[in-house]
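Sequences listed follow chains A and B, in order. Counting in this note's numbering, the first sequence runs from 13 upward without gaps. Counting in this note's numbering, the second sequence runs from -9 upward without gaps.
If you're looking for bench data, these hints aren't it; they were derived computationally from the structure. A hint or two may mislead.
The list that follows gives simulated cross-link-like pairs (lysine-lysine, DSBU-like), each with its CA atoms no further than 30 Å apart [said to hold, decoys possible]: (1) A:K60 - B:K158; (2) A:K60 - B:K131; (3) A:K60 - B:K224; (4) B:K157 - A:K60; (5) A:K60 - B:K41; (6) B:K125 - B:K187; (7) A:K329 - A:K257; (8) B:K128 - A:K60; (9) B:K41 - B:K131; (10) B:K187 - A:K60.
Calculated Cβ distances over 10 Å to all of chain A for the following chain B residues [stated by the list, open to error]: (11) L85; (12) N205; (13) Q263.
Here are the computed distance ranges between Cβ atoms for each label pair [said to hold, decoys possible]: (14) B:G249 - A:P149: 24 to 34 Å; (15) A:S301 - B:S17: 48 to 58 Å; (16) B:I86 - A:A282: 27 to 37 Å; (17) A:A282 - B:V15: 32 to 42 Å; (18) B:M152 - A:E57: 37 to 47 Å; (19) A:M13 - B:K128: 56 to 66 Å; (20) A:E173 - B:I86: 46 to 56 Å; (21) B:G175 - A:P245: 45 to 55 Å; (22) A:G133 - B:A192: 31 to 41 Å; (23) A:E57 - B:E(-2): 55 to 65 Å; (24) A:T135 - B:S185: 29 to 39 Å; (25) B:P101 - A:P245: 22 to 32 Å.
C-beta atoms are modelled at their ideal positions from N, C-alpha and C, and glycine is treated no differently.
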Amino acid sequence: MKTYTYTEKKDTRSGFGAGLTELGRTNPNVVALCADLIGSLKMNEFIKENPERFFQIGIAEANMMGIAAGLTIGGKIPFTGTFANFATGRVYDQIRQSIAYSGKNVKICASHAGLTLGEDGATHQILEDIGLMKMLPGMVVINPCDYNQTKAATIAIAAYEGPVYLRFGRPSVPIFTPEDQTFEIGKAIQLTEGTDVTIVATGHLVWEALEASKALHEAGISAEVINIHTIKPLDEAAILKSVAKTGCVVTAEEHNVLGGLGESVARVLATNNPTPQEFVGTNDTFGESGTPAQLMEKYGLNSASIIEKAKAVIKRK
Amino acid sequence: MSNIKHLEDICTQVRRDILRQVHKVNSGHPGGSLGCAEFFVALYNDIMDRKETFDMDGADEDLFFLSNGHISPVFYSVLARAGYFPVEELNTFRLINSRLQGHPTTHEGLPGIRIASGSLGQGMSVALGAAQAKKLNKDSKLVYTLHGDGELQEGQNWEAIMYAAGKKVDNLIATIDLNGQQIDGSTDDVLPMGSIKGKFEAFGWTVLEIEEGNNLEAVLEGMAKAKAETGKGKPVCVLLKTIMGNGVDFMMHTHAWHGKAPNDAQLAEGLAQNPETLGDY
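With the hints as constraints, model all of the structure from the sequences given.
Rendered as structure tokens:
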């Protein structure tokens, strides 16, 4: 079984910051907007190098989304930065009308997504953003798994014409994908080969899925781990191909199971190849204060949960 | 300044177009549309420095954003009469498979439209982005917007109003259609807003007033003055006092025709008050 190791941990938001810095150097049309969270979004370097291409909006996310839409008229490629909660739920109608329906080339970049925001608690821990964004016609939804992939995704979305939601987070997580990777929107990445169960994971749960596959292997269960960094458009072929072999699937995400990746996968399977599926995600609940590790354990978003669900789904075959 | 008689003729024809569009599909918003006919005609036929052809980026030309998208009938008529698309297409207003959706949208690719609007309060933010893109592109042309007075009850406007002054977006002229009416009644009855002029001034805008917003010469003069105020470090607001339903006597001075179409007899009466000038579509 292919195994993954890491020597360094970093936050995915820093991957975004590094990607944005690189775009600042290579693409003169890229502009950045922020609603009073420059440090949290790691936008400092871009701003230092391109002060004229940065727009500090203040604490006014609705205005930020509209301004971003307007900046595209004139050929700019705006990257907006704020927390995932304020980048989606707070401004849903602005995104819907001024960006998605209007077909504007805005990149909505959202940090501190999910429970791993930690101590700030439920007001800031959005677990519904993937659902909100994937329902918008034409919106691309991306949730990369580590620093390198977030950096690559940030660079890749500038070259894609159309609205994109890019979701990343605050905690330091293992860096296990290649530094020099090319990010392909909508192209799943198979991380391990397996025959007994498919594990489809996104974001911070991808590393947990790899940890789970190691433990499952030791228990004599062969798991195929797929990194779905792009939730929409979903790489349906990759999922169907894997499930045709394994006959069951576990989906894992730092998001509500209602409206998340798991439901997207379930739709694909129900339509093409009805298959037993188990869901790792939060279950129609808000988060709460705590350390990221405590929260992920309490809400069952870790390798232990994935192992348990994998064993359960195999029995349902 | 363009020939006033010619512009008056366009206004009369635009009023006919508005009535005929909403009558045909028995839906749409004639009241606010009629009230803004002179503003739109002045803007597209005199005030704006615009190109004859349409492209989304609108480099090196003035841009206009309609924030209160429900007055699409006047927007569509003026765009068509200005040559952006065939006037015959006004026949398709609000019909299935039409580019002339109930509220304006870029989605169907209608020339002249740069943003979807309808859900209120979003247009000024978009205009700010477009205005700042112009500055970044060293494009000295202007950005115009129109907003309803009732629309100012939406909070996003005040985020944008604060930002525009704070960031010195002085290539923007935002016009407020002060007709004092909204769906549920007069703005004073629904939610008294106090002095809109005082509010804009307090936020740091240059504010001009056009007392007779349905007098073409007054609109031309007022908008020319507004243009002269751009480039001075402050965004410019024009308070345009209009009469909802202007030009059709039974529709005037009431919110009753905000979103209601005339029946056959009412259409005939309204058209009789506005004789054909440029030819019906």
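Comparing the hints with the structure gives:
With a C-alpha separation of about 21 Å, the suggested pair A:K60 and B:K158 falls inside the 30 Å cut-off, and the hint holds. With a C-alpha separation of about 29 Å, the suggested pairing of A:K60 with B:K131 holds against the 30 Å cut-off. Taking the CA atoms of A:K60 and B:K224, the gap is about 26 Å. The hint holds against a cut of 30 Å. Restraint check: the Cα-Cα separation between B:K157 and A:K60 comes to about 19 Å, which is no more than 30 Å; the hinted pair holds.
Straight-line distance between C-alpha atoms of A:K60 and B:K41 comes to about 37 Å, which puts the hinted pair past the 30 Å bound. Of the supplied pair hints, the one linking B:K125 and B:K187 holds, its CA atoms being roughly 27 Å apart against a limit of 30 Å. For the hint linking A:K329 to A:K257, the alpha-carbon distance of about 12 Å falls within 30 Å, and the restraint holds. For the hint linking B:K128 to A:K60, the alpha-carbon distance of about 21 Å falls within 30 Å, and the restraint holds.
For the given pair, B:K41 sits about 12 Å from B:K131 by alpha-carbon distance, which is consistent with the 30 Å threshold. Among the hinted pairs, B:K187 with A:K60 is inconsistent with the structure: their alpha-carbon atoms are about 38 Å apart, more than 30 Å. Against chain A, the non-interface label of B:L85 holds: every CB pair exceeds 10 Å, the least being about 19 Å. The claim that B:N205 lies off the interface holds: its Cβ sits roughly 31 Å from the closest Cβ of chain A, which is beyond the 10 Å cut-off.
Listed as a non-interface residue, B:Q263 keeps its Cβ farther than 10 Å from every Cβ of chain A; the least gap is roughly 35 Å. Look at B:G249 against A:P149: about 26 Å separates their beta carbons, and that is inside 24 to 34 Å. For the hinted restraint 48 to 58 Å between A:S301 and B:S17, the CB-CB distance of approximately 50 Å keeps it satisfied. Separation of B:I86 from A:A282 is about 31 Å and conforms to the stated range, judged on CB atoms against 27 to 37 Å.
For the pair A:A282 and B:V15, the supplied restraint of 32 to 42 Å holds, since their beta-carbon distance comes to about 40 Å. For the hinted restraint 37 to 47 Å between B:M152 and A:E57, the CB-CB distance of approximately 28 Å leaves it violated. Restraint check, A:M13 to B:K128: a C-beta distance of roughly 58 Å satisfies the suggested window 56 to 66 Å. For the pair A:E173 and B:I86, the beta carbons lie near 28 Å from each other, so the given range of 46 to 56 Å is not met.
In this structure, B:G175 and A:P245 meet the distance hint of 45 to 55 Å, their C-beta atoms being roughly 47 Å apart. Roughly 36 Å separates the CB atoms of A:G133 and B:A192, a value that falls within the hinted 31 to 41 Å. Separated by about 58 Å at the C-beta atoms, A:E57 and B:E(-2) satisfy the suggested range of 55 to 65 Å. One distance hint, 29 to 39 Å for the beta-carbon pair A:T135 and B:S185, holds here, with the actual separation near 36 Å.
B:P101 and A:P245 have their C-beta atoms about 30 Å apart, which keeps the hinted 22 to 32 Å range intact.
The structure is inconsistent with the numbered hints 5, 10, 18, 20, although it conforms to all the rest.
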